[in-house]
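Trainee: The lines below spell out each chain.
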Amino acid sequence: MATDMKLLYDTISMLRHHIESDTAITLDAEDADEWMKDMIKLLHMYNITASRKMTLLGCYVLLRLAVRKHRELALHDNAALTRSILEGDYLFGLYYRFGVQRKEWKLLYHLAPFYKKMQISLHEDKPLQPMLTELREELHTYLEKHCA
Amino acid sequence: MKLDEALHIDLGEIDHTLRTIVESDPSLSHDSDIRKHVLRLIAAGGKRLRPMMVIVGSRFGKPGPHYKNSVLRAAALLEYVHTASLIHDDIIDQSELRRGVPTLHAATDVRSAVFTANYMMARAIEWASADASDEDQSEMAATRIPALASIVTELCLGEYGQLRDRFNFKLSIEAYMDKTRRKTALLMAHCLRAGAEATYANPYIGDKLFAFGEALGMAFQIRDDVLDFAESNLAIGKPTGADLRNGIITLPVLYAMEDPNLASKLLLLSQQSSESDMDEVIQLIKESGAVDRASSIADTFTLQARELAVCLRDYPASQDLLRLTDYFTA
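Keeping their order, the protein sequence lines are chains D and V.
Going left to right, the first sequence walks through residues 257 to 404 as this note's numbering numbers them.
Going left to right, the second sequence walks through residues 5 to 334 as this note's numbering numbers them.
It cannot be assumed that every hint is accurate.
[As the list claims (entries may be wrong)] Which chain V residues face chain D? A few, computed with CB under 10 Å, are given here:
{"hint": "1", "residue": "32"}
{"hint": "2", "residue": "86"}
{"hint": "3", "residue": "89"}
{"hint": "4", "residue": "332"}
{"hint": "5", "residue": "334"}
Keep in mind the hints are simulated off the structure, nothing from the lab.
The beta carbon of each residue, even a glycine, is placed where N, CA and C say it ideally should be.
Extracted from the complex, chain V is given alone in its bound form:
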């Protein structure tokens, strides 16, 4: 069963909301390039994990008429922020394809992609703020949308860390975890808490959901790092060890560095290394226990997420947290 079905979430409604944001913008003409780019990105699809997390988080709050307004607004805003950050990441990483489709800068040009992404963030904030700017709102309600917009700083800091530490094989595990938290896990954590806040959940529950999202995000990213060493990547046109080939230091690589023989080979790698040198080291990492060790750390984070879900067992929606965990670990 698909995740949206398991969670009883209507993906069509999410996509409709995502389209509405740009289609309802009075500042854009019907034939504007930005409008076309954004609608094309939405049509290209995506798992919509982040909006789904917002909706799951909202189920821990008070029932009421919040769904259409606050919940969907936060869900759509965070998906726009995520998509915009991917557009900029693709430029930085010089990626020509995403999910087999040309990236926006490849299909247009860098300037167009940069400002389309900026527009997406700005328009989503404007759209999500439509009710939030009411004068008589509480401080907490009034600051919810701008606070979500400020998540961009964390995503940037994760990217800064990744760029700074390209081919830095002496990176500490702590620094790797910090980068992973900022680049991936915190956005997921914010999604769950944003949903809870949108339906006026107890702040204590919001914090528990934040911790759950953080643990799940860490497990998700480390598992992604592990899968980078899987042969199955070849089927989607991605070489095994693509991260390492790009100088991105992941957890399996850091564990491999603990083996003196492997470390001596890893330390010789650089941007200028040949494919065959890379192939040799990647094969050695796969044969070492490094990938399994990293996988077990992902399992530890998954277990942490499960325990947090169990803590919230008084809420029927805790079952949805377990469904999310199952999906992320399948």
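Chain D on its own, in the form it takes in the complex:
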């Protein structure tokens, strides 16, 4: 099945409206990796509205990006380091603000323990792939519980 790029474009467009211009954070649908495409396919397995799919995908995008910003710290360039820390923090806060505004707070509760464990793993410099697999499983569990 081809990836529904319209869902991705619509979600990215919506997120751009939520990101304040002061941050200079840019989102690009062209950056979508296989994990993102897999998430879109997963969402299409459930009979939920397009708007809700955008919310769930939006939360996923924000969380992934927040983690990426903090994982890729430029330790020897203070300006870049500052930007990464602030962008990661901002995206994490936005994930919560977006989830509340779009009434998907149960997802926020569901993912809170996982996100914490992810920070412990990142602190221990563990590889990212297993964490992304687990994130997918957590979202799958959430969809089964609340959207099936």
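Since the structure of chain D is provided, determine the placement of chain V on it from the hints.
Mentor: Just chain V now, with coordinates in the frame of chain D:
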């Protein structure tokens, strides 16, 4: 009298709660580095102003069994958010010391400090959400904790503003006020309202408390900006005018810019300026009326906070608001 005593708040209970959050985390082993870092930060102490504000806010609500659950949970969550944001600020500002103690990144390394701070935020949200995720909760109750977590965006926007406007002497007063509101005042405002919401206070009262906290936070930050020009800073190893030396534009500096002679000297300052050039300008700012003018603006915000406290005089806890105001202006 200390603030906690004046407010009849048990700081020991707050610290115990802060420790419990990390000590009760089943995801951390007893000898984990994160656990040690967080416990060290808690042991280093702090004024615990934000948790105290949450508790004061809670006194405007309905009495009941909310204290242990909702109030202390919100209080501890907001203190964790505050501490985590300070860890990241210290990295950004390249600060080696905080209250005379090495900052976390100085004591460990940047990566460790970044993820310890992230862990603190994530764990506090998880811990504070323990009851809030119940299925049968009202929307307002269910969204309280995630909404508090989203305050991080405001703190970041304040920091973005400060970084963007380093050595920007043409910064408007309005932009300065906006940055100050986001960086300092809004968290205090949210603390008071979170306490009120946790005890089901009338939303109108919650809004009044929010406005009080915002005014008090503005007064607090502007007074801090004014104190930056005080000689007493030397006693704690901080040079007079440390903010200006770091390019942080504060209200006394903006008022000083209204004097054409001072403005011409200020506009020459940059990250590359010598200590003696900085010393000269800082001395001129101190001799101008700029610091006093900024101080009078802090007084205006304090007065605004007092008036809001008086509006709530039907509540005995309004006396606690006045105590907070007295503490912040002492």
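Trainee: State for each hint whether it applies.
Mentor: Hints, verified against the model:
| no. | hint | in the structure |
| --- | --- | --- |
| 1 | 32 | holds, 7 Å |
| 2 | 86 | violated, 13 Å |
| 3 | 89 | holds, 7 Å |
| 4 | 332 | violated, 26 Å |
| 5 | 334 | violated, 33 Å |
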